[in-house]
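Those sequence lines, one after another, are chains A and B. Residue numbering for the first sequence follows this note's numbering, starting at 1428 and increasing by one per position. Residue numbering for the second sequence follows this note's numbering, starting at 1428 and increasing by one per position.
Honestly, I wouldn't trust all of these hints.
Computed cross-link-like contacts, EDC-like style, restricted to lysine to aspartate or glutamate with a CA-CA straight-line distance of at most 20 Å [to be verified]:
#, chain 1, residue 1, chain 2, residue 2
1, A, Lys1502, B, Glu1512
2, A, Lys1505, B, Asp1442
3, B, Lys1478, B, Asp1456
4, A, Lys1505, A, Asp1442
5, A, Lys1505, B, Asp1523
6, A, Lys1505, B, Glu1512
7, A, Lys1461, A, Glu1491
8, A, Lys1505, B, Glu1520
9, A, Lys1461, A, Glu1481
10, A, Lys1505, B, Glu1519
11, A, Lys1505, B, Asp1508
12, B, Lys1502, A, Glu1526
13, B, Lys1478, B, Glu1464
14, B, Lys1502, A, Asp1509
15, B, Lys1502, A, Asp1508
16, A, Lys1505, B, Asp1513
17, B, Lys1478, B, Asp1513
Facing chain B, from chain A, some residues (calculated, C-beta under 7 Å) [said to hold, decoys possible]:
#, residue
18, Ser1434
19, Phe1437
20, Leu1440
21, Lys1502
22, Lys1505
23, Asp1508
24, Leu1511
25, Tyr1514
26, Leu1517
27, Trp1518
Hints were generated in silico from the structure; no laboratory data involved. Every residue gets a Cβ at the ideal spot worked out from N, C-alpha and C, and that includes glycine.
Number of protein chains: 2
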Amino acid sequence: MAADRLSATFAALADPTRRAILAQLALGDASVSKLAEPFAMSLPAISKHLKVLERAGLITRGREAQWRPCRLEAKALKGVDDWLEDYRRLWEERFDRLEIYLSELQAEERKRGRRK
Amino acid sequence: MAADRLSATFAALADPTRRAILAQLALGDASVSKLAEPFAMSLPAISKHLKVLERAGLITRGREAQWRPCRLEAKALKGVDDWLEDYRRLWEERFDRLEIYLSELQAEERKRGRRK
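The following block holds chain A by itself, in its conformation from the complex (with noise of 0.2 Å):
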């Protein structure tokens, strides 16, 4: 995925409201105006968002001029997985030092409750 794709993939993602889109569309297909239904927003402000998230690859239109269906782009979100993944090692390794960490900790207590 090219940096920039992947930078508009970031910045659309950067919002509540589109993120609730992609979470209403990850559903199954839905029209504009659907879309628009748990929003308090005017249908010219959802379409705003809409743009937002189809240059960024993250949905696709359909053709039909009545309803054009919006859809999500799942494979947009594995370009933000695959960036992840180098960063994923960061944190398991903390938390395996924590749970290490804990793990002696309990064992430290049990020693002192045998003690008693």
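Chain B: place on chain A using the hints.
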């Protein structure tokens, strides 16, 4: 992770220079001048990027007056990973369907091969 924090994290990641800074910090803590080295950028420009990363919780700064090392806070990226979790099954399902389709194609090819 609160919605606003997640928005700030995504906004901070929507820039190739800031992602490059995180990649550098994944190798270890570093000073601002060390981080500035690979970029054709002034220290104030780098500092501005670091402030965005810091506000998003992606890095922390040491308290030493002279050398305030930057540290990657991988747990903020874990927030992104947790958010992705709901979508992961979507692209995995699609890949599964593609795999089934490809293995059907291969089976068909083998059948044709035997008929020759």
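Check each numbered hint against the structure and report the violated ones by number, ascending. Number 17 - this is the single hint that the structure violates.
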